[in-house]
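As they're listed, the protein sequences go chains Z and R. With my numbering applied, the first sequence covers 1 to 130. With my numbering applied, the second sequence covers 1 to 216.
Heads up, a few of these hints could be off.
Below, a sample of chain Z positions facing chain R; criterion: calculated Cβ distance under 8 Å [as the list claims (entries may be wrong)]: (1) D12; (2) L26; (3) L29; (4) S45; (5) F47; (6) L53.
Derived list of chain Z stretches under chain R, where covered just means 3 residues or more per stretch with a C-beta under 8 Å from a C-beta of chain R [unchecked claim]: (7) 82–94; (8) 101–109; (9) 117–127.
It should be emphasised that the hints constitute simulated quantities derived from the structure, not laboratory data. Idealized CB from N, CA, C, for every residue including glycine.
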Amino acid sequence: MSNGYDTENSVDLAPGDEHVEGGVGLRVLGYLTGLALAILLTATSFFVAGTDLVWQPSIPVALIVLAIAQMGVHLVFFLHITTGPDNTNNVLALAFGVLIVLLVIGGSVWIMANLNHNMMPMDQIMQMQR
Amino acid sequence: MVDATIAYPHSDPHHLRGLEASGIAHSGPASKRIATGYGFWIFILSDMVMFSAFFATYAVLLGQTAGGPSGRELFDLRNVAIETAFLLASSFTCGLASIAADTRSTIWFQLGMAVTCIFGLGFLTIEGREFASLVARGAGPTRSAFLSAFFTLVGCHGLHVSAGILWLLTMMAQVFAKGFRPDILRRILCFALFWHALDIIWIAVFTVVYLIGSAA
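Next up, chain R with everything else stripped away, as it sits in the complex (with noise of 0.2 Å):
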């Protein structure tokens, strides 16, 4: 082995056999539903980073109360953990519609795509009445520079799981008029990658806004 390498040193010390054996030079240009997916991919993470500066100011943020409740007095992490669970279990249930997409099996998509909504909207439901009870107790985001970023940063996240619940009614809707046509398959795939975002991003959420934030 050593005596082919001296004797050899340009041959192909790691058994390449060059880019035609690879079939990378002459695959072509990548198909649309990898196009689309990539592009969307590089959208997913301009958002992550629009919302890094939420998470940033929210940390800078976090002890100016002027005086007002802290997060220790505010957060109700029972509401928090419900939330969590909403939002995992509506994760887990886009994955089976994925699936389903994918097998072309329309009552699995349909059916999974219900029970994301629901929980989705459970979810919602949740986050819009603490909202409520915070403003109603006089913690509205006009009350202290930790208040404003809170509602900025959480109020943004519930902004997108809205836009993605009425994103998911018209997949369901389309795929109920069209079928899975390769377009609607592709907004399926880009749908799927959005909602499952949204729920690394809670991830943050709950840990950076809650857990630390009701520590601090």
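Next up, chain Z with everything else stripped away, as it sits in the complex (with noise of 0.2 Å):
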């Protein structure tokens, strides 16, 4: 238990506390692998972002996958939200905010694509109100 807190005896874990067996080291090695992975993807998305070598409209598919996979780097290494039992409070709350986070931004792009479809021609309607 490096970090000092009574993780050993407690049910559950603050959000963004580690529980680890070992020293500093091994902690900073949690954030570095982080970091690299972040990198790694950052990379890939702004190499994605301004490539002619994959097919166009996979595009921003594969920058929204990335950009995921991203946010779950981020998560597990500098955030600390793991599958374990002591991280179930926190994993739950977060499931929840995506949940809300899904609807909100899915919601609102399905919804408005599909009023767009329906509308009539911005042209056809000013000829309509004359």
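Each chain sits in its own coordinate frame; assemble them with the hints.
So this is what it looks like as structure tokens:
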């Protein structure tokens, strides 16, 4: 137990605290791993956005997948959200947050695209109002 | 094994040894550190829900340029890459500062926080210059619905970073004046959560706003 809190006898862990056996070096190594993965994913994102090597319509999907992967890396290596039993509360709160975020973004984009699709072109509306 | 399960269907097939052994039944209320951290975690998640509304607005209004400039003409991806690097590096040094706080090492903590602050200020400087140049080119938030959404979303993230830097300086001062008291350590935990969460939101910003926005 290197971070000095009573994590051994406790059922839960505060979000951001990590449960590690080993010294400071191991914890720094965790952050370094996270940093390396994040740099790799960010570099890939910027590369994919500017390249002609892949099929163009797939680029937005690829970017979103890379972004979600990088968020996962940050959650695991920087925020120390794990699947362990001491993290159940933190993960459940996160899952609820993700649900609301997906509903808000997905719902808005879906319904607005649908409305756009069903709306008459602007010049025809102008004509009808005359 | 099969015989035992049939013979004692309600005994303890998964060897959980009851609530007593699990330690859940008598552990009492959670420590203050857990309660504070968890409460702040809920705040961060609600902050992300607020950001999701701004992201939805931006995604819907991406094409509504009202004849004005689009993202492809406005965004400078080199600047965005530097901003991303600054914020990622600051997230890393913030993590090092939290390790230093856990090991009660004042020098490393102040050093880590100072470097975090410098990276954060570098990020804000580049973002401020980008906003100023957009406004100077006649692409301010009043130009089109697309630019209103852009300035609201990216500006809101920038405001969060500014608030984070003020908080960071406060924590440096409090550790300097009061040392690593338990309440100060709880605030450092919350600050680290806040700063890492800002970096997570920035991932969404540079992907959705800049990379996808300049392709559209």
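Check: Are there hints from earlier that the structure breaks, and if so, what are their numbers?
Finding: 2, 3, 5, 6 and 9
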